[in-house]
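Trainee: Residue-level listing of the chains:
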Amino acid sequence: MARTISYREAVNEALRQEMERDGSVIIMGEDNAGGAGSPGEDDAWGGVLGVTKGLQQRFPGRVLDTPISESAFVGAAVGAATRGLRPVAELMFIDFMGVCFDQIFNQAAKFRYMFGGKAVTPVVVRTMYGAGLNAAAQHSQCLYPLFTHIPGLKVVLPSSPYEAKGLLIQAIRDNDPVIFCEHKALYDMTGEVPEDSYTIPFGEADVVRDGDDVTIVALGRMVSVAEEAAAELARQDVQAEIIDPRTTSPLDRDTILESVENTGRLVVVDEATPRCGMAADISALVAQEAFGALRAPIEMVTAPHTPVPFAQPLEQLYIPDTQKVANAVKKTLDWKK
Amino acid sequence: MARTISYREAVNEALRQEMERDGSVIIMGEDNAGGAGSPGEDDAWGGVLGVTKGLQQRFPGRVLDTPISESAFVGAAVGAATRGLRPVAELMFIDFMGVCFDQIFNQAAKFRYMFGGKAVTPVVVRTMYGAGLNAAAQHSQCLYPLFTHIPGLKVVLPSSPYEAKGLLIQAIRDNDPVIFCEHKALYDMTGEVPEDSYTIPFGEADVVRDGDDVTIVALGRMVSVAEEAAAELARQDVQAEIIDPRTTSPLDRDTILESVENTGRLVVVDEATPRCGMAADISALVAQEAFGALRAPIEMVTAPHTPVPFAQPLEQLYIPDTQKVANAVKKTLDWKK
Amino acid sequence: MTPTQPAKATSGLDQKALLEAYRTMRTIREFEERLHLEFATGEIPGFVHLYAGEEASATAVCAHLDERDSIASTHRGHGHCIAKGVDVKEMMAEIYGRVTGSCRGKGGSMHIADLSKGMLGANGIVGGGPPLICGTALAAKHQGTGGVGVAFFGDGASNQGTTLEALNLASVWNLPAIFVAENNGYAEATAATWSVACDNIADRAVGFGMPGVIVDGFDFFAVYEAAGEAIERAREGGGPTLIEVKFTRYYGHFEGDQQTYRADEVARARASLDCLKQFRERVTASGRLDTAALDGVDGEVAGLIEAAVAEAKQAPVPTAHDLTTDVYVTY
Amino acid sequence: MTPTQPAKATSGLDQKALLEAYRTMRTIREFEERLHLEFATGEIPGFVHLYAGEEASATAVCAHLDERDSIASTHRGHGHCIAKGVDVKEMMAEIYGRVTGSCRGKGGSMHIADLSKGMLGANGIVGGGPPLICGTALAAKHQGTGGVGVAFFGDGASNQGTTLEALNLASVWNLPAIFVAENNGYAEATAATWSVACDNIADRAVGFGMPGVIVDGFDFFAVYEAAGEAIERAREGGGPTLIEVKFTRYYGHFEGDQQTYRADEVARARASLDCLKQFRERVTASGRLDTAALDGVDGEVAGLIEAAVAEAKQAPVPTAHDLTTDVYVTY
Ligand SMILES: Cc1ncc(C[n+]2csc(CCOP(=O)(O)OP(=O)(O)O)c2C)c(N)n1
Ligand SMILES: Cc1ncc(C[n+]2csc(CCOP(=O)(O)OP(=O)(O)O)c2C)c(N)n1
Ligand SMILES: [Mg+2]
Ligand SMILES: [Mg+2]
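Protein chains in written order, with numbering that gives the first Met the number 0: chain A, 0 to 336; chain B, 0 to 336; chain C, 0 to 330; chain D, 0 to 330.
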């Protein structure tokens, strides 16, 4: 049997293997090198949740700690990418995008277009998203719909250790700016991951489960929630097809549309809030391109249009769960005009 | 006949009338007071496009110039709003949100929720959006879908002088943070505007034109594009109903759904880019809530998924036009399963 | 930039004021020490950042403030809350995620706030507070209340653009704003001596046209005097001041932090520099207060914290209804 | 912070170098004066910000740079482009929105760039450039090329958090980065003396642990020497420098600006301080160059600009195909 490691380890391994392979890969972020200037243990931290731990010792000078200056260091990663490096900058929580968004969406994302195709900006911004750790309103958001909105950015949402590794290696090798979104509640998820280096292409969805009755498109951490729901539905003789787009930009439109052509029903499951979100994005795609196949209203299962609450019971209600997914599926099945 | 003024004047008048009515209204922004510290004419500018001109002289000390420090002064507006003022901050171009987004989406938008309903933050951020002046990729974006995504913000898109005045007065009186988006290509548009103060409520769409054949939802500057298209279609005996939501958050779902229930066809026209945008948002709403009434695929007419190009011919191709709207309408009419 | 001034005896504070200051510092200490223990039991959700060791800063600054004044805090916000008069029981309930909490359980430790007390909230965003304080100071100025706004922020936050912009704006607008840089030596695991490119954070003041002062953060009276001077100047229209307070945090960056990046600073600080110890020595040596009075406060505070924890644990949690309320005032 | 040093004669530059510098300054001037005229005809789309009056800064700084080095510019970017060697005809075509332009007509004046020349672009975002330059300087350091990165930014941009953060980061990482604050007295209509809360932008250097220098921006040689020293130090691993260049812009903030907020600075500057005039006087007085040689350059430059405009006007515009290309390298 293949080796089993955690999502955290998969990210770390992808960084390590790419740094070994390519001397132009450097990484930077707050405490990524363990905490610069401190008198105690070297490499004490590896980012706030230990994802980059060990890399500094293995690649001296290529893992940089930063001051708390996200605009400056994300911008530095962008600038360095225009001059031959392949930087991976860690934005500790995606929620902090608000202090450095300009460097991402007006600079990195637009260079190629504004400069008439003459720029290449292979920068990766790794960042952590999602609810589940009771980290409240400013440390639990999804926000990848905001990046997905921006032309010029690629946006990646790995849903398992296997995907985390392969998609991150792809992200580092990719010549466009990539926002790589790691769900904080998945870091301890384990799964089979090849030891060798491999890439997963962008814009190719994973059909996680086959089924003919309904298409469930689920993103990031919601893939496993959809799988649980599908298992329960299967016991009731409902066969759901589950699609994990893996990247929201580019989006694998074809796989989604083909599935809906077959099932006639769509449920989109996303942890992000609903307005101008990914659930709406995918629903709109299908309402435009696969309308003829649709046999029921599209259902969206998302977080509510609220900030993320702190208290445990509220946060649990906030995050879409198996039950809500199953209910949405049943709603599409029961629908009568 | 009622008095006719420009969109620019309508915004200025709304500010003036509210400042007269309520001493807690203050405004701030780059050159809003004309250019502080400069040796020449007082009140020389009134913001970059003259929208606030004249206010400084009328309300000394209540119109503040700012350094180019959007985080600091937008944040100051937010902070002042928690202490009894009703600030209106001008973010010169919506494209600059990237240097101050945190103060808007993590601070202003979340105070009320994070603080258990105990905060009131009546701040308005006025900002200019849209293409049409060949201002290129960093001065022509729409970006209101990003604000619409954020729970806790209200987002306003006036499409005419009448709406600009009434919606801005409402925004200033509203007790929630409001992003007030003015289309730069509309400033010289003229229209009838009552001299007296009036408000237009948020979340109430305007049915700009009645029609039974197709529903066109158009936003901001696209309302007039849709009207032109509808006039052309009428000549071909197609009666389009045009809905201007006026605010994207809150969104008047009912008016849109009722119209589609009647027409069975939906075209959404939005100048913003398509991914996770307003066209997708409204399409998804209808695909979920009015599916039974839909008789054709939903059509979206938006900008392409690209930055805004500089050259005139490209920018013209970029912005949705009458022809594209008419074509989309015809596509919904011609559709056969 | 003025170098640290040794504080004069007990800064002319009367017994009542001294006892009040001591009570505040002791309450913060007890609150934090207790949270440290409770967190270890696994009962407290989310991220918790403790202020123990830094009590003198919040307490001495806020001792000059009243209801005209407002403060903005950081992720390490419990001390600022207590010093600004937020109800300790409500705070504890908030940290436990209870509906009786300051924010009805929706904010937690990182967003604990009480606007009615002029406490604008802990803040999950490093550098989030200083811009807000420009606004509260502006409001005070506009309203002519004589009020000031105080932004507390860390050494790490002193490198955040939002903080630096706010310093400039406060000067340009001549605001009654005080910027208190709490330099506890670290931002998470990163040393301030590394991340702050100049010798002292206070050295930045000159670049923003305001006085910069450095004070010993273990010495309540030193902070008290520096803050008093700055706040008085601000109230009188003299503009902002940057005060750098230097000290050490006693616990990890957040609860759970193993702190292997540190040396033995904490043990040394606790043994000889501790603000509570120093305060006790100073007030007893000067004959202003006796040990019995101070011990009495200790006992009362212990009782209060005990009750706060007990009540928080018993209090009801929010319910489904609370999930979607409070997003807007009107929708 | 070092006060302005009067530049020594002609800074030891040889005839060729002097002529080259003059040609660059004259090219910028001619380019901008011509654009000023052309804009008035209504043929040039978008926003155009002219660099006339400020030529000595871009020219003297870039005179020290080669292909290892990179620069980031601002909305007022034509001068930086020309000084860093971007093709003048391609630039003109770009400003006219032609497919023969530096950015194939997709960027325009505010995004004019040539990465192959190490010119990272004019920038529509005030403060957009300094963070990028931390990155190009980091790349040069990592690759061991001895290269430097130079960020040009205005007095207004010196108040933007991104700029201030970049100063600190460059120091903390000890980067070969030079920060050139072009203080032309205004940000749009707002005076720098108002918006910058300290006396000189260079005063901010101390807060970010680097040398700060002030130079007379009308004096090519003063800028040349200050930049030379800073760039040499950076190349040798001595870290960043902040150079404040003081002068006046000759035209409005952008074309169309009525400039009623100004006094008569421009007339005075043109009459007595003008960088081209001063340069001519200095090099002829010192006998390094004669008037004929300088006039010869003027003539050549005039011809070049004339041709650039003529060709730009004739060049084809982009077509529908160009709308959706260049968004991604691969999609
Ligand atoms: C914008 C932003 N960046 C990073 C973080 C993560 N973070 C939280 S606290 C912290 C360290 C703050 O250090 P300092 O300002 O010195 O305050 P201290 O924790 O020492 O009180 C960091 C990096 C954050 N919350 N916000
Ligand atoms: C973030 C941001 N804020 C505001 C603007 C609008 N703006 C463009 S140029 C400018 C003034 C810049 O002044 P300065 O930095 O002194 O440069 P100068 O124009 O004098 O060369 C302003 C406010 C912008 N482009 N970006
Ligand atoms: Mg600290
Ligand atoms: Mg300027």
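Derived from the structure by calculation, the hints contain no laboratory data. Any given hint could be a false lead.
What the hints assert, rightly or not - No more than 30 angstroms apart at the CA atoms, straight line, and that leaves these computed lysine-lysine pairs for DSBU-like:
id, chain 1, residue 1, chain 2, residue 2
1, B, K117, C, K276
2, A, K329, B, K117
3, A, K335, B, K329
4, B, K117, A, K336
5, B, K323, A, K335
6, A, K330, B, K117
7, A, K52, D, K15
8, B, K52, A, K336
9, B, K330, A, K336
10, A, K335, B, K330
11, B, K329, A, K329
12, C, K312, C, K88
13, B, K335, B, K323
14, A, K330, B, K336
15, D, K116, D, K15
16, C, K15, C, K116
17, D, K276, A, K117
18, B, K52, A, K335
19, D, K116, A, K329
20, D, K116, D, K312
21, C, K312, B, K335
22, D, K116, D, K276
23, A, K336, B, K335
24, B, K52, C, K88
Trainee: Determine for every hint whether it applies to the structure shown.
Mentor: Verification of the supplied hints:
1. In summary, the hint linking K117/B to K276/C is not supported, as the alpha carbons are separated by about 37 angstroms, beyond the 30 angstroms threshold.
2. Among the hinted pairs, K329/A with K117/B is inconsistent with the structure: their alpha-carbon atoms are about 39 angstroms apart, more than 30 angstroms.
3. A C-alpha spacing of about 28 angstroms is found between K335/A and K329/B, which places the hinted pair at or below 30 angstroms, so the restraint holds.
4. For the hint pairing K117/B with K336/A, the CA-to-CA distance comes to about 44 angstroms; that exceeds 30 angstroms, so the pair is violated.
5. Distance hint between K323/B and K335/A is unfulfilled; the C-alpha atoms sit about 34 angstroms from each other, more than 30 angstroms.
6. A hinted pair counts as satisfied when its Cα atoms are at most 30 angstroms apart, and K330/A with K117/B does not qualify at roughly 37 angstroms.
7. Using a Cα cut-off of 30 angstroms, the hinted pair K52/A and K15/D is violated, with the two alpha carbons roughly 54 angstroms apart.
8. The straight-line distance between the Cα atoms of K52/B and K336/A is roughly 56 angstroms, outside the 30 angstroms bound, and the hint therefore fails.
9. With a C-alpha separation of about 24 angstroms, the suggested pairing of K330/B with K336/A holds against the 30 angstroms cut-off.
10. This hinted pair checks out: K335/A and K330/B have alpha carbons roughly 27 angstroms apart, not beyond 30 angstroms.
11. At most 30 angstroms may separate the alpha-carbon atoms for a hinted pair to count; K329/B and K329/A exceed this at roughly 35 angstroms.
12. Taking the CA atoms of K312/C and K88/C, the gap is about 11 angstroms. The hint holds against a cut of 30 angstroms.
13. Among the hinted pairs, K335/B with K323/B is consistent with the structure: their alpha-carbon atoms are about 20 angstroms apart, no more than 30 angstroms.
14. For the given pair, K330/A sits about 24 angstroms from K336/B by alpha-carbon distance, which is consistent with the 30 angstroms threshold.
15. For the suggested pair K116/D and K15/D, the alpha carbons sit about 21 angstroms apart, so the restraint of at most 30 angstroms is met.
16. The hinted pair formed by K15/C and K116/C meets the criterion: a straight-line CA distance of about 21 angstroms does not exceed 30 angstroms.
17. Restraint check for K276/D and K117/A: the C-alpha separation of about 37 angstroms exceeds 30 angstroms, so the hint is violated.
18. At most 30 angstroms may separate the alpha-carbon atoms for a hinted pair to count; K52/B and K335/A exceed this at roughly 58 angstroms.
19. Between the alpha carbons of K116/D and K329/A the distance comes to roughly 60 angstroms, so the proposed pair goes past 30 angstroms and is violated.
20. For the hint pairing K116/D with K312/D, the CA-to-CA distance comes to about 25 angstroms; that is within 30 angstroms, so the pair holds.
21. Between K312/C and K335/B the alpha-carbon distance is near 63 angstroms, which puts this suggested pair outside the 30 angstroms criterion.
22. Taking the CA atoms of K116/D and K276/D, the gap is about 29 angstroms. The hint holds against a cut of 30 angstroms.
23. Restraint check for K336/A and K335/B: satisfied, since their Cα atoms lie roughly 19 angstroms apart, inside the 30 angstroms limit.
24. Our distance criterion of 30 angstroms between C-alpha atoms is broken by K52/B and K88/C, whose separation comes to about 51 angstroms.
In this structure, the hints that do not hold are numbers 1, 2, 4, 5, 6, 7, 8, 11, 17, 18, 19, 21 and 24, in rising order.
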